[in-house]
Amino acid sequence: SQQGEEDPQALSIQEGENATMNCSYKTSINNLQWYRQNSGRGLVHLILIRSNEREKHSGRLRVTLDTSKKSSSLLITASRAADTASYFCATLRVSGNTPLVFGKGTRLSVIA
Amino acid sequence: GAVVSQHPSRVICKSGTSVKIECRSLDFQATTMFWYRQFPKQSLMLMATSNEGSKATYEQGVEKDKFLINHASLTLSTLTVTSAHPEDSSFYICSATPGNYGYTFGSGTRLTVV
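Taken in sequence, the protein lines are chains A and B.
Just so we're aligned: the first sequence equals residues 1 to 112 in the working numbering.
Just so we're aligned: the second sequence equals residues 1001 to 1114 in the working numbering.
Heads up, a few of these hints could be off.
Cβ-Cβ distance ranges computed for the label pairs, FRET-style [as the list claims (entries may be wrong)]: (1) G16/A to K1064/B: 45 to 53 Å; (2) S1018/B to V44/A: 26 to 34 Å; (3) R54/A to T1080/B: 41 to 49 Å; (4) G1061/B to N22/A: 22 to 30 Å; (5) L1026/B to N30/A: 21 to 29 Å; (6) E1052/B to R54/A: 30 to 38 Å; (7) T1082/B to T64/A: 43 to 51 Å; (8) T1082/B to D7/A: 33 to 41 Å; (9) T1017/B to D66/A: 42 to 50 Å; (10) N22/A to Q1029/B: 35 to 43 Å.
Listed below are the simulated DSSO-like cross-link pairs for lysine-lysine, each with C-alpha atoms no more than 27 Å apart in a straight line [what the hints assert, rightly or not]: (11) K1041/B to K1020/B; (12) K1064/B to K1014/B; (13) K70/A to K1041/B; (14) K1041/B to K104/A; (15) K1020/B to K1066/B; (16) K56/A to K26/A; (17) K26/A to K104/A; (18) K56/A to K69/A; (19) K104/A to K1064/B; (20) K1041/B to K26/A; (21) K56/A to K70/A; (22) K1066/B to K104/A; (23) K1014/B to K1041/B; (24) K104/A to K70/A; (25) K1066/B to K1041/B.
Not the full set, but computed from the structure, chain B residues with beta-carbon under 8 Å of chain A [claimed, not checked]: (26) F1034; (27) S1043; (28) L1044; (29) T1049; (30) T1097; (31) Y1103; (32) G1108.
Just so you know, the hints here were simulated from the structure itself, not pulled from any lab data.
Where is the CB? At the ideal position from N, CA and C, for every residue including glycine.
Produce the entire structure from the sequences given, and follow the hints as far as they go.
Below, the structure written as structure tokens:
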């Protein structure tokens, strides 16, 4: 079942601007992950944040997690045209061989 | 490391025929693999969990007789779409985890049923 909801569903920005995407989920989680998908292609793992973490950085990416609100945000700073893709949050409820549950995704367009 | 290879990347088949999609973990053993389906401009929906040496676990609403899953070895899971119809046209993606919470995805298979 799909439990994550991202907003906005679509986002269009100019190159150099920051892009913020939000994700909400319904159940308790072990960790939350963000993925990127270029049109019609496989998924690329971007960043993982554990349930006991509140913020994490990786290059131009900044992820926050608020477990009390069951929400997360992904910030991409100084966006580039190459960042144009769909971004999905995915949650892992428990550790072990359990599946990721994906949100609906945000389609980001960065205009050069 | 932690590469999952998925084949074919694209397949076109006629209605009524069957199509097999392979998912291989190249450098790790995967007792469990996951199969997802993605319709255009939508998210990934989990179809089933493939378990090595035992029956797959299907999500509600996924027909097990239509989407046959075989996980006969620790590095290979196959999804066979039987008696395919145009509504089965979709992007199918497999996933496995080598541990440490990391998940690796295949590059996906775009199935078009004509």
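Discussion item. Need the status of pair K1064/B, K1014/B: alpha-carbon distance at most 27 Å?
Written reply: holds, 21 Å
Worksheet item: When you take the CB atoms of L1026/B and N30/A, is the distance between them in 21 to 29 Å?
Response: holds, 26 Å
Discussion item. K104/A and K70/A were given as a pair; does the straight-line alpha-carbon distance stay at or below 27 Å?
Written reply: Given that 27 Å is the threshold and the Cα spacing comes to 16 Å, the pair holds.
Worksheet item: Do the alpha carbons of K56/A and K69/A lie within 27 Å of each other, as the hint requires?
Response: Roughly 17 Å between the alpha carbons, so the hint for K56/A and K69/A holds.
Worksheet item: Given the hinted pair K1020/B and K1066/B, is their alpha-carbon gap at most 27 Å?
Response: holds, 12 Å
Discussion item. Would the hint linking K26/A and K104/A be met if the CA-CA limit is 27 Å?
Written reply: holds, 13 Å
Practice prompt. Please test the hint of 33 to 41 Å on the beta carbon pair from T1082/B and D7/A.
Written response: Hint holds: Cβ distance 38 Å, inside 33 to 41 Å.
Item to complete: Please verify that hint: T1097/B, Cβ, nearest Cβ of chain A, below 8 Å or not.
Response: Holds. Min distance 7 Å.
Worksheet item: Do the alpha carbons of K1041/B and K26/A lie within 27 Å of each other, as the hint requires?
Response: At roughly 22 Å apart (the allowed maximum being 27 Å), K26/A and K1041/B satisfy the hint.
Worksheet entry | Verdict for G16/A, K1064/B (Cβ pair) under range 45 to 53 Å | holds, 50 Å
Fill in: Supplied contact hint for L1044/B, tested at 8 Å Cβ to chain A
Hint on L1044/B: holds, closest Cβ of chain A at ~4 Å, below 8 Å.
Item to complete: With a cut-off of 8 Å on the beta carbons, see whether Y1103/B makes it to chain A.
Response: Holds. Min distance 6 Å.
Of the numbered hints stated above, none is contradicted by the structure.
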